[in-house]
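Q: Here is what each chain is made of, one letter per residue.
Number of protein chains: 2
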Amino acid sequence: MPNAARISPLAPKSYPEMPPIEGVRLAVGAAGIRYAGRSDVMLALFDEATQVAGVFTKSKCASAPVDWCRARLAGVIAIRNGSRRRDPTARALLVNSGNANAFTGKTGKEAVKFSAKLAAAATGAPERQIFLASTGVIGEPLDASKFDGLLEKLAQEARPDAWLEAARAIMTTDTYPKLATRTALVGGVEVRVSGIAKGAGMIAPDMATMLSFVFTDAAIASPALQSLLSKSARGSFNSITVDGDTSTSDTLLLFATGAAARRGAPQIDKANDRRLTDFRRALDALLLDLAHQVVKDGEGARKFVEITVDGAKTPKAAKRIALSIANSPLVKTAIAGEDANWGRIVMAVGKAGEAADRDKLAIWFGDIRVAHKGQRDPAYDEAQVSQLMRRDAIAVRVDLGLAKGAATVWTCDLTKDYVAINGDYRS
Amino acid sequence: MPNAARISPLAPKSYPEMPPIEGVRLAVGAAGIRYAGRSDVMLALFDEATQVAGVFTKSKCASAPVDWCRARLAGVIAIRNGSRRRDPTARALLVNSGNANAFTGKTGKEAVKFSAKLAAAATGAPERQIFLASTGVIGEPLDASKFDGLLEKLAQEARPDAWLEAARAIMTTDTYPKLATRTALVGGVEVRVSGIAKGAGMIAPDMATMLSFVFTDAAIASPALQSLLSKSARGSFNSITVDGDTSTSDTLLLFATGAAARRGAPQIDKANDRRLTDFRRALDALLLDLAHQVVKDGEGARKFVEITVDGAKTPKAAKRIALSIANSPLVKTAIAGEDANWGRIVMAVGKAGEAADRDKLAIWFGDIRVAHKGQRDPAYDEAQVSQLMRRDAIAVRVDLGLAKGAATVWTCDLTKDYVAINGDYRS
Chain A
0 MPNAARISPL APKSYPEMPP IEGVRLAVGA AGIRYAGRSD VMLALFDEAT QVAGVFTKSK
60 CASAPVDWCR ARLAGVIAIR NGSRRRDPTA RALLVNSGNA NAFTGKTGKE AVKFSAKLAA
120 AATGAPERQI FLASTGVIGE PLDASKFDGL LEKLAQEARP DAWLEAARAI MTTDTYPKLA
180 TRTALVGGVE VRVSGIAKGA GMIAPDMATM LSFVFTDAAI ASPALQSLLS KSARGSFNSI
240 TVDGDTSTSD TLLLFATGAA ARRGAPQIDK ANDRRLTDFR RALDALLLDL AHQVVKDGEG
300 ARKFVEITVD GAKTPKAAKR IALSIANSPL VKTAIAGEDA NWGRIVMAVG KAGEAADRDK
360 LAIWFGDIRV AHKGQRDPAY DEAQVSQLMR RDAIAVRVDL GLAKGAATVW TCDLTKDYVA
420 INGDYRS
Chain B
0 MPNAARISPL APKSYPEMPP IEGVRLAVGA AGIRYAGRSD VMLALFDEAT QVAGVFTKSK
60 CASAPVDWCR ARLAGVIAIR NGSRRRDPTA RALLVNSGNA NAFTGKTGKE AVKFSAKLAA
120 AATGAPERQI FLASTGVIGE PLDASKFDGL LEKLAQEARP DAWLEAARAI MTTDTYPKLA
180 TRTALVGGVE VRVSGIAKGA GMIAPDMATM LSFVFTDAAI ASPALQSLLS KSARGSFNSI
240 TVDGDTSTSD TLLLFATGAA ARRGAPQIDK ANDRRLTDFR RALDALLLDL AHQVVKDGEG
300 ARKFVEITVD GAKTPKAAKR IALSIANSPL VKTAIAGEDA NWGRIVMAVG KAGEAADRDK
360 LAIWFGDIRV AHKGQRDPAY DEAQVSQLMR RDAIAVRVDL GLAKGAATVW TCDLTKDYVA
420 INGDYRS
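So the protein sequences, as listed, match chains A and B.
Residues 0 to 426 (numbering that gives the first Met the number 0) make up the first sequence, in order.
Residues 0 to 426 (numbering that gives the first Met the number 0) make up the second sequence, in order.
Just so you know, not all the hints are guaranteed correct.
Identical copies go unnamed one by one, so any copy, or any two together, can satisfy a pair.
To be verified - Here are the simulated DSS-like pairs of lysine-lysine, each with C-alpha atoms no more than 25 angstroms apart in a straight line:
no., residue 1, residue 2
1, K312, K105
2, K116, K145
3, K59, K315
4, K230, K112
Read the hints as simulated data drawn from the structure, not as lab findings.
The structure displayed is predicted, hence computed values, not measured ones.
One chain only, chain A, in its complex shape (with noise of 0.2 angstroms):
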């Protein structure tokens, strides 16, 4: 539920300016499918031919818009067993809030399929190119008839510039809005990349987020575009955590109209092209940063916690022990109460079940080193530790001391309000 009275103290100053992408258009409106006096729909229209990539939520409970776009995307993975080439193309996207369409059985798949048909009977293309995402409450049916008619209506306003109130529509317990953009040279060609998240609770790898929608008017094919998605996700939206709770509904979808081909930009075929380096770049740090506000974002979060880990034997034990701190409650709550705890640091580590030797740990809080080689730091000042904790963005560096496995995570603190905001999510 949006609580506008309270926004995270942890929300950026200012929200990015958001030039148009040629080939998106976006559009909104309230369909009162949950909330009142707020916008819940969201329709994004896209050029033809627009090529898409898709990462979803790992959880076998998957929701029924989930397992739609799945079978949109389906495509691709039929290149990779070698049968007909026929690569996904995206007309629309259609998203609303408010209610997750997820644990509705044949209901929810009605529910899908209805939308579907109300979105290409009112955007012209065929339901193969329609791609949806429902968020909010978990197990209700979701009346899709309260699409019939508006979308009609969002098909002929949608308008280049509504990124803020597209943003907007998407939210559920989200206090602000979150939206990234950035520019990269495609064989010497600038393109945009830009993008909008939602997600404060039951975020968790993999997916960390529950919405997430990024566009490009670069000129990328779904195959090449599903590679570079799937890889940036990794280091991103599936290295956040704030609960360890994964949605049913986690969906990162990104479009890629081609837009930018008519000013130059070339056609890219293959993931692993030359001229995407600078376009990987760009996407890897918009990505970073709607992961990064989705954590911000965190229910209840008050600090911005940045959890690094190296030495360990291979990357994935360095992820996997610093997931175990980034989700460990005695770790979260010793944050929140500003405590450079890091007897409970050894803890998370201990637990994670990768090789870990006792003695030959290093943890550090900022660039303070508080424990190394088996025991309390004899250098480490409380006093200094203590001040440092006092900041609303804290880094722990844990140093296994074992090989170079290394990897970085981002979560929040576990205050009361994060259990005042989910006992009473329903009431």
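Please arrange chain B on chain A, whose structure you already have, making use of the hints.
A: Frame of chain A, contents of chain B only:
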């Protein structure tokens, strides 16, 4: 830190009467390790040839006392490897609260050696028959010299009826002492098994409690005792969770004095001896009783939650799903808010990574089925469920509808008090 002012609302109304266990004497004292005005040391003395078994934390950064106990028990492992048979025996158990002697490196190892030396001198037993456990703050050196002088006094004072004092001396953030006792017939002779436990946060399998010590006068050889204990821990201490965090110090020790043999109880050498049937039942019941007491004293707990998963592919899959539900902050905060939010149960099932079919799932709160076949149960009455959610004890059942794997785990809700308790533990 003990909080006598606030006792868990789930605390037992009274403590059980604890008759002596022949061959066991107990004493407590105040070494001033951390707390003022309370006992923080417990010494248990055992008859000669007392048999012993243990189950410990799976943390990769186990505390120095855990390392010590494992080494003392190593005789059992040696048998399995076919080496020389030298079963472990115990003459004394020394436990302190206030300092866990964990992540204290070399100093910690030395403190353990010194503690064992002092206990050996005070009791006249060899060091290899001394068992040790410590609980409290991690990472601070334990000053074992504080035991000097005190242990002689305790060894002299030890008496068979100091159960409640012992249970109190090992408390940290516990709000009440945990004790339980049972009897069993072994070869027609009544034997007794009694135990104490402590643990309030950082409670998760494996192990689920920080410390528990169990004593019996039955005559059971260490290897058989180990087998009984490992199995019994699986369905009790290793099936509870408060916050998913695993202590570096978790220790469960079972001591069998064999004194019942003097009353005609048979000497049992093998765990599969049929004469152990009733003892096994009593041990299972005792450990489950103590484990439930630990959960009911979970930091900030207001509700005791039993989670049963059946219809899973295997018992292991069922347990993993049950723990995923039990550890989900979103499920736990919903229960704290008395909200029968089965959508979050679905989420937790989905994220467990085990096979699950949304359209076959059924979920009950108490005996009210709230969801089945992938959607909300049409017969589900919100008012009736709300009534049920107000109770102290909540039972959640999930039927996956896939096969016959089943498991039950126990947890508590996640309240603002948990955050308060852990946000200023050190301050």
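Q: Each hint: holds or not?
A: Going down the list of hints, with the structure as the test:
1. Only between protomers do K312 and K105 lie at most 25 angstroms apart by alpha-carbon distance; the minimum there is 24 angstroms, versus 46 angstroms within a single protomer.
2. With identical chains, the CA atoms of K116 and K145 are at most 25 angstroms apart within one copy only, with a shortest distance of 13 angstroms there and 77 angstroms across copies.
3. Proximity of K59 to K315 under the C-alpha cut-off of 25 angstroms is found in both arrangements, the shortest distances being 22 angstroms within a copy and 17 angstroms between copies.
4. In this assembly of identical chains, the alpha carbons of K230 and K112 never lie at most 25 angstroms apart, being 30 angstroms within a copy and 51 angstroms across copies at closest.
Of the hints listed earlier, the one the structure fails to meet is number 4.
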